[in-house]
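Respectively, the protein sequence lines represent chains A and B.
For what it's worth, this note's numbering labels the leading residue of the first sequence as 1, then goes sequentially.
For what it's worth, this note's numbering labels the leading residue of the second sequence as 350, then goes sequentially.
Hint data in this document are derived by calculation from the structure and do not stem from the laboratory.
Heads up, the beta-carbon is just placed ideally off N, CA and C, and yes, glycines get one too.
Heads up, a few of these hints could be off.
Label-pair distances were calculated between CB atoms; the ranges are [stated by the list, open to error]:
1. B/I489 / A/A56: 32 to 40 Å
2. B/H423 / A/F119: 51 to 59 Å
3. B/M391 / A/N127: 55 to 63 Å
4. B/R471 / A/K218: 36 to 44 Å
Short derived list, chain B residues pointing at chain A, Cβ under 7 Å [said to hold, decoys possible]:
5. M441
6. F445
7. G446
8. L488
What follows is the residue order along each chain.
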Amino acid sequence: MTENGKPKFAMYWAASCGGCEISTLNIGDKILDVDANFDIVFWPVAADFKYDDVRAYPDGYIDLCLFNGAIRNSENEEIARLLRRKSKILVAFGSCASLGGIPALANFTTSASIFNTVFLDNVSTDNPGGTLPEPISQVPEGEIHIPEFFNSVKSLEQVVEIDYTIPGCPPEAHQISAVVDAVIAVFQNIATLPPKGSILGASKVAVCEECKLEKKEKLIQRFYRPYEISPQPGICLLEQGLVCMGPATRGGCGALCPKVGMGCRGCYGPLNGVEDQGARFLSAMASVTDVGTAKDGEHTAEQNIKAVMDSVADPAGTFYRFSLSHSLLNRARQTNGAGKGKMNEPHQH
Amino acid sequence: MDNTFEPVIIGFLCNWCSYRAADLAGTARLHYAPNMRPIRVMCSGRVEPDMVLKALRFGADGVLIAGCHPGECHYIEGNLKTLRRYTLLKRMLSQFGIEEERVQLVWASASEGNLLAEAVSRMTESLRALGPLRWNDMLISGNGHGAKDVVKKIVAEMATQEAGT
Chain A
1 MTENGKPKFA MYWAASCGGC EISTLNIGDK ILDVDANFDI VFWPVAADFK
51 YDDVRAYPDG YIDLCLFNGA IRNSENEEIA RLLRRKSKIL VAFGSCASLG
101 GIPALANFTT SASIFNTVFL DNVSTDNPGG TLPEPISQVP EGEIHIPEFF
151 NSVKSLEQVV EIDYTIPGCP PEAHQISAVV DAVIAVFQNI ATLPPKGSIL
201 GASKVAVCEE CKLEKKEKLI QRFYRPYEIS PQPGICLLEQ GLVCMGPATR
251 GGCGALCPKV GMGCRGCYGP LNGVEDQGAR FLSAMASVTD VGTAKDGEHT
301 AEQNIKAVMD SVADPAGTFY RFSLSHSLLN RARQTNGAGK GKMNEPHQH
Chain B
350 MDNTFEPVII GFLCNWCSYR AADLAGTARL HYAPNMRPIR VMCSGRVEPD
400 MVLKALRFGA DGVLIAGCHP GECHYIEGNL KTLRRYTLLK RMLSQFGIEE
450 ERVQLVWASA SEGNLLAEAV SRMTESLRAL GPLRWNDMLI SGNGHGAKDV
500 VKKIVAEMAT QEAGT
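Extracted from the complex, chain A is given alone in its bound form:
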């Protein structure tokens, strides 16, 4: 532990892929500013500090802690609580920490079902004893403790109080730079902190506002999966029948995905005041279709609408790709854990 008077910086990964750290390193030269202005006291991907080092710090020792990754197991939760205690400013960094992210899609199934797929019922698995990870197990050398695997994935905010959120999967490097600059200005006493709970490094309007593709308010007859059609350049993807979550997603990324012909995945999360991103997007999807008119008669209208809605693949997984932990329903209903970890299939009639 060095005492050089510089603000202390920490970054941690819980249930994450490491993309957030890569994006942080992608800020380029700015990383030198981070080093010049901060003293790194904990950052598993970049510096060799142990949990015990963090435990030894006094409470509130870390000035800025960027926490990425969802809360998947008891280790994630323990470190989240530890870092909360040790940090003055705790930031939920990236989609997983702020909304549950991709790991939270596991909330469509159960831990038992996941274990079944990973450790038992799988063509590439050789586990004759049917051994499953247990939080406590006895071996000849003594007792082994490993983290408990939770049934539901949680966001950071659902475990500890957070100060700010920087959304994105991953947060865009230029947005991280801007936040780093802003925080440095605060520590140099030339700026003040934004109100607690603010969402930093993102815009207040939808991705569509940043998207250059032309929107004509054209209504569609069916939806396509990305491999089924080649989108025409320059035209709104949703109006071509591709699932693009732009209307229900916070901007700030510069509409990177639609720019290259891939529908918005929804990673920056819901807009201000929206409780449930998936439900809002469901609404938008229903609004761009124009099958089933009053002239068709009740039965035909129902049939036609059902046909077009059935062309949406995996609606729940698509609409809640990043936000399942922060959705109203939060997870799928618990089943008995049988099956191969796949979620409940939509009913077919």
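Since chain A is already given, all that's left is putting chain B on it; use the hints.
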């Protein structure tokens, strides 16, 4: 299954047809299940998917959306928008493990009090057979994350009860 289980149904009824159908059912003194809590909306197209999810999350066992028949909407096509949303919502809810009996859409014009009453009774019986949904309890018991909110709520309730006595 406990036979005394009374399902809670949140009913979103459109102002122009179905709310009047419910009114008619009442003035005609029809007997039907008292399990629906009606909420009047100007159009069934006003019912956002969030509203349905919120009802299910916070204690409803089922949600009934009722509107004018297609072609008879006061706002021309509001009910068709409802039908589009509802069709997609139902598919999505099945992935959450929510049975399709729990969220129903019925068309009932202002003169069809009997039809609405029957729909409510039928839905009540099918929900009784399915049993309670108890979404929030499920989140807590399955180490979900409703726990914190619910504990807060219970503590607040206890505090108000103590203040009352």
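A quick look at each hint next to the structure:
Our hint of 32 to 40 Å for B/I489 and A/A56 holds, since their Cβ atoms are close to 35 Å apart. At about 57 Å, the beta-carbon gap between B/H423 and A/F119 stays in the expected band of 51 to 59 Å. In this structure the supplied range 55 to 63 Å holds for B/M391 paired with A/N127, their Cβ-Cβ distance being about 59 Å. Our hint of 36 to 44 Å for B/R471 and A/K218 holds, since their Cβ atoms are close to 40 Å apart.
For B/M441, the interface hint holds, the least distance from its beta-carbon to any beta-carbon of chain A being 4 Å, beneath 7 Å. Evaluation of the B/F445 hint against chain A yields a held restraint, the C-beta minimum of about 5 Å falling below 7 Å. Nearest Cβ of chain A to the Cβ of B/G446: about 3 Å, under the 7 Å cut. The hint holds. With a least beta-carbon distance of about 5 Å to chain A, the hint placing B/L488 at the interface is held under the 7 Å criterion.
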